[in-house]
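**Q** Go ahead and model the full structure; you've got the sequences and the hints to work with.
This is what each chain is made of:
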Amino acid sequence: MLPVNLEKRKDSGMFGDLRSGETRVIGKRTPRVDSIAKLTGEAIFVSDMAFAGMLFAQVKKSPHARARILRIDTRKAEALPGVRAILTGDELDYRVGLYMVDKYILAKGEVRHYGEAVAAVAADTTAIARQAVDLIHVEYEKLPPVLHPLDAIREDAPLVHPQLGNYDYIDTAFSPIPGTNICNHTKLRKGDIETAFKRSEWILEREYTNPSVQHVPMETHVAIVSWKHDDQVTIWSSAQSPFTLRNLFCMAFKLSHRKVRVIVPYVGGGFGGKAGIHIEPLVACLSRKAGGRPVKFTATREEEFSLLPCRSALTYRVKTGVSSDGKIIGQKMTMYWDSGAYADYAVNVTRASGYSAAGPYEIPNSWVDAYTIYTNKPFGTAYRGFGHVEFFWGIERHMDLVAHAIGMDSLDFRKKNALRPGSVTLTGEKIEEHTGNVLTCLKAAEKAVGYGRLTAGEKKREQRSGMKIGKAVVALHKAPAMPPFTATGVILKMNEDATVTANLSLTEIGQGTYTALAQIIAEHLRFPLHRIKISQETDTDRDPYDWQTVASKGLLLTGNAALLAAQDLLRKSYELASQILRAQPVDLDHDKDKVFILHNPEASVTFREMAVGYAFPDGRSIGGPLIGIGSYIAQGLTHLDKETGQGLPALDWTYGAHGIIVEVDEHTGEYNILKVASVFDVGKVINPDAVRGQAIGGMLQGLGTAICEGYIYDQEGHLLNPSFTDNKIPTARDLPLEVESMVVETPQLDGPYGARGVGEHSMIAVAAALGNAIQQACGAELTHMPIRFEDVWRSLGKKEPIDNWITKSPFGSCKSAPEIRKNRPVQ
Amino acid sequence: MVRITVRVNGKEYTREVVESRTLLHFLREDLSLTGTKEGCGAGECGACTVILDGQAVNSCLILAAETDGSTIETIEGEAKNGKLSRMQEAFHNHHAVQCGFCTPGMIMTIKDLLRRKPKPSRDEIIDGIEGNFCRCTGYEQIIEAVLDVTGQLGKKEGLRHVR
Chain V
91 MLPVNLEKRK DSGMFGDLRS GETRVIGKRT PRVDSIAKLT GEAIFVSDMA
141 FAGMLFAQVK KSPHARARIL RIDTRKAEAL PGVRAILTGD ELDYRVGLYM
191 VDKYILAKGE VRHYGEAVAA VAADTTAIAR QAVDLIHVEY EKLPPVLHPL
241 DAIREDAPLV HPQLGNYDYI DTAFSPIPGT NICNHTKLRK GDIETAFKRS
291 EWILEREYTN PSVQHVPMET HVAIVSWKHD DQVTIWSSAQ SPFTLRNLFC
341 MAFKLSHRKV RVIVPYVGGG FGGKAGIHIE PLVACLSRKA GGRPVKFTAT
391 REEEFSLLPC RSALTYRVKT GVSSDGKIIG QKMTMYWDSG AYADYAVNVT
441 RASGYSAAGP YEIPNSWVDA YTIYTNKPFG TAYRGFGHVE FFWGIERHMD
491 LVAHAIGMDS LDFRKKNALR PGSVTLTGEK IEEHTGNVLT CLKAAEKAVG
541 YGRLTAGEKK REQRSGMKIG KAVVALHKAP AMPPFTATGV ILKMNEDATV
591 TANLSLTEIG QGTYTALAQI IAEHLRFPLH RIKISQETDT DRDPYDWQTV
641 ASKGLLLTGN AALLAAQDLL RKSYELASQI LRAQPVDLDH DKDKVFILHN
691 PEASVTFREM AVGYAFPDGR SIGGPLIGIG SYIAQGLTHL DKETGQGLPA
741 LDWTYGAHGI IVEVDEHTGE YNILKVASVF DVGKVINPDA VRGQAIGGML
791 QGLGTAICEG YIYDQEGHLL NPSFTDNKIP TARDLPLEVE SMVVETPQLD
841 GPYGARGVGE HSMIAVAAAL GNAIQQACGA ELTHMPIRFE DVWRSLGKKE
891 PIDNWITKSP FGSCKSAPEI RKNRPVQ
Chain X
59 MVRITVRVNG KEYTREVVES RTLLHFLRED LSLTGTKEGC GAGECGACTV
109 ILDGQAVNSC LILAAETDGS TIETIEGEAK NGKLSRMQEA FHNHHAVQCG
159 FCTPGMIMTI KDLLRRKPKP SRDEIIDGIE GNFCRCTGYE QIIEAVLDVT
209 GQLGKKEGLR HVR
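Protein chains in written order, with the numbering used here: chain V, 91 to 917; chain X, 59 to 221.
Worth flagging that the hints you see were computed from the coordinates, not collected in a lab. The C-beta atom is built at its ideal place from N, Cα and C for all residues, glycine as well. Just so you know, nobody snuck in bad clues.
What the simulated footprint calls covered on chain X by chain V, stretch by stretch (three residues with Cβ under 8 Å from a Cβ of chain V suffice, anywhere in the stretch; the number is not a length):
id	stretch
1	98 to 106
2	191 to 201
Here are the simulated DSSO-like pairs of lysine-lysine, each with C-alpha atoms no more than 30 Å apart in a straight line:
id	chain 1	residue 1	chain 2	residue 2
3	V	765	X	175
4	X	138	X	177
5	V	537	X	214
6	V	583	X	141
7	X	213	V	550
8	X	175	V	818
9	V	417	V	505
**A** Right, here's the structure in full:
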């Protein structure tokens, strides 16, 4: 039984009525639901929390990239007053892993990367714990590390995990090769690649590289765990994904899910780095050993770089065959992902990158081999873009180089090969009108930067500065990388005053989804926005399931669950009102305050009267608390065939484009970014300021990757730059002189009000845009990102680039703060 | 141990502190003023910015023992009588907050900037907040909030729809 407004809709499909017509709250400017708590300092993050009797943890870390652990002497540390628990790998026999169960909680027998945890202490204060860690003596036998993935796949390479063949893993998605360092090989075969190359008039092959990068959430990883009697475990964590954390924790310790409770309050940024399970099991074991006292571990910024995971480095080789009129005939793509010491998310980054490796272009004949390769370095995990930032550096640079080679304008080349209705993707998915429109995005970016010519103002600027101006336009796409059965739930509870509290466990890590969800719920209930509250703290004991807060899938999946919950709440309200008003539910309608009879609006009952059960004047009562429940699961996705990669992996595709204007000093390699214009086909804007915040924030994070960020190692695998002094991230001075944000709205048929996610996309392909514009300005042919000034200079002088950042003599820096701000923006 | 008396957000506190205690940890742990955040502990990120005797400082680089007799302003003193300050209000209206972890430090830095320069240009705002990292927003909406509060925000284009 549905409310009349839903039964009488004209459009077909469950949310058909939501795709058309005027909206009240959707698409309107409104502040974030969580900003006041954050602005006053009242928002409590795990790092702010303390409990009675709480202990503080510190970790002893490996100074070597690869070594045998011969002996650990903890006697001096044990004798230190105030030390309550000490752990070494010998006494912990638990392995954890998201897709590949390959990591001990503390290193056992061998360390596999610089910064790996070998022992841990819980003590009354952080100072005592730190002193105790210093007193732990570890004797190592150093072993030669394998650092570069291309070295790690040589036959004589030492094995990072000789036991690879014995590990449990998700075999529907991944293919490890035991006896090698390859922990996953993703294959994709479409058409006939050999014939395609024979038919091609031009073939261009290049290799593109980028180093590992740190996420840099402003709040480092932090967890408090209390392991009480009867295995009652409570975890407060800065985690992005409370239910996945709980699931992996229970699997590692063979505990029932009902015994483990994960609570996530405000989170100070995640960007993927807090998506899986990281420090929680170790902190839990310390609490258990300390008799159940709560133990807190807060990672230092240095630990964030090497104890905790990073983004994987990539070497990407692309070979493209084209006809002389610019049509791509075949493309062979080989990815070597540097997993570091553990598989974590890197295997899935490999898989997700593999199936979208060509970018938003139609490649009739394609061949992808994507390898995830163990090395002796800190391990890679999810990072905003999930591989796409890295491989789009390659693919969108490559599109320019191929276009140059055949003498075609690179934007024309992109338009000619762009996916459009009727195109078939690498995995065999047919693109429809409603999938989204990459061509419109390209054209908007083209126009916004005046691609292909210089204005009079720009010419004058060149004369004045002596620098050369270059412009570029790039395209991008991404679908959520998630299992086909990804699901989520929302519960809406009507309060006595007819406000509504939503319980859900998608986490708010800054991305703004809670505000959008409140708007969706308010719109569908026809309630004012201020009457909707999204409960901020998520709690696996109290909130319904959500797989993970990753992949830009929250708005679509949780948005749909929220709509279903709102629908359920209305249905129950109508059922109750039909008894009170003695009318069939089909004859009822509602406004923000009450349910009434359509043809006799005087006959009504308010939501307030019904919220927790309705009492008749004589006291007899019916109903009970109004609670709406919504469950949603991704529809129609499939596993991919392991040999061909064919199948349906994509919930939705968000397309986009960036246009960029850069000026370059040909003599020094210095450059300034004058403008970035970004456009995304978001389906439907729910909150314009939130979309813009994602667009600009992600773009600058993408520029960080493009201009300066990256891990630098020495030949022995020591990380040389685990700090903001040596590994800079963008400051306000790195913002381009001008920034423009645009949206296209091609409604997503199964998205809430037509919306699709845009959390990650703004970061993708920014680096390639910069590289292409620099080449256009001065001819520097760059194949490695980040692009530091000296890299441009070296490229212009045809000196060898530093391409893998495993160096004998580290040098290079990010030079923030170009002097351009003294000049005015160009018109 | 050293005995210090400080005035924080108009309220006087006297405490015994160990010599090595930073002002940041003194505020967060001894006074339970957890609004001020720790992002790096090394003076690089600005998350811990407070105003000490009229000047914005990284509180992780100051020893509490040095601050005896000082006046300190932190984020907890900004909203008064349940009302946000004008700058907080502008941050709220412009989505200048995402994860919120850099926000308290950013607000204190801008407060200090506006005392020195009541009407900073866009470039001066950028110079002013350069020492405060924000990984989420890309700074643009923060800059717009400051321009708005100082009456300098022209007609804002915002998000543009294209077809």
